[in-house]
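Enquirer: Sequence:
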Amino acid sequence: MKPHRKKRLYMILVILLGVTLSASLAIYALGQNMNLYFTPSQAIVNKAPTDKTLRIGGLVKEGSVKRDSNSLKVNFTLTDHSYEIPVQYTGILPALFREGQGIVAQGKLNVAGVLIADQVLAKHDEKYMPPNISAVREGSE
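Quick note on my numbering: the sequence shown kicks off at 864 and runs consecutively.
Everything labelled a hint here was simulated from the structure, so no lab data went into it. You may find that some hints are simply not true.
[As the list claims (entries may be wrong)] With a straight-line cut-off of 25 Å between C-alpha atoms, the simulated BS3-like cross-links for lysine-lysine are:
no.	residue 1	residue 2
1	Lys986	Lys971
2	Lys915	Lys936
3	Lys936	Lys924
4	Lys924	Lys869
5	Lys986	Lys929
6	Lys924	Lys971
7	Lys986	Lys936
8	Lys915	Lys986
9	Lys986	Lys924
10	Lys910	Lys924
11	Lys971	Lys915
12	Lys910	Lys869
13	Lys929	Lys971
Work the whole structure out from these sequences, hints included.
Expert: Dropping the structure here:
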């Protein structure tokens, strides 16, 4: 093999090795930061991991919201009408949070099966319109 072809072959091999190493590191990093998403049924039946951060989505059970009057602590129950998971959250809840509303709570399950949430996201349906825009629309009709 001629020297310039050998040099070109080595250069291509080094580039391929670098691309492979970079892709491997990126995939590994993404896998470490992945949050698993479960419904209450999946979390209970499939035994969701207790050592990983996960997201559980469902409806806030009617009559289950209990607020602590001395702090921002809130306890409520997430349900998918088959199973229920108690959730404990300390913080300010989203404006769309209410009983019967769909939410996603992110946190870790403790050994008692309670989700200790560090983030609560309220979901809205496709008909949702921010209050300031709906007020403008109502005024124009």
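Enquirer: Compare the structure with each hint and give your call.
Expert: Evaluated hints:
A distance of roughly 20 Å separates the Cα atoms of Lys986 and Lys971; the hinted pair therefore holds under the 25 Å criterion. A distance of roughly 22 Å separates the Cα atoms of Lys915 and Lys936; the hinted pair therefore holds under the 25 Å criterion. For the hint linking Lys936 to Lys924, the alpha-carbon distance of about 17 Å falls within 25 Å, and the restraint holds. Annotation: proposed proximity of Lys924 to Lys869 is violated, straight-line Cα distance about 69 Å (limit 25 Å).
This hinted pair checks out: Lys986 and Lys929 have alpha carbons roughly 20 Å apart, not beyond 25 Å. Restraint check: the Cα-Cα separation between Lys924 and Lys971 comes to about 20 Å, which is no more than 25 Å; the hinted pair holds. At roughly 21 Å between alpha-carbon atoms, Lys986 and Lys936 fall within 25 Å of each other, so this suggested pair holds. Among the hinted pairs, Lys915 with Lys986 is consistent with the structure: their alpha-carbon atoms are about 23 Å apart, no more than 25 Å.
For the hint linking Lys986 to Lys924, the alpha-carbon distance of about 15 Å falls within 25 Å, and the restraint holds. Using a Cα cut-off of 25 Å, the hinted pair Lys910 and Lys924 holds, with the two alpha carbons roughly 21 Å apart. Proposed proximity of Lys971 and Lys915 is supported: the alpha carbons are some 6 Å apart, at most 25 Å. Of the pairs offered as hints, the one joining Lys910 and Lys869 is violated, with about 55 Å between alpha carbons and a cut-off of 25 Å exceeded.
Annotation: proposed proximity of Lys929 to Lys971 holds, straight-line Cα distance about 20 Å (limit 25 Å).
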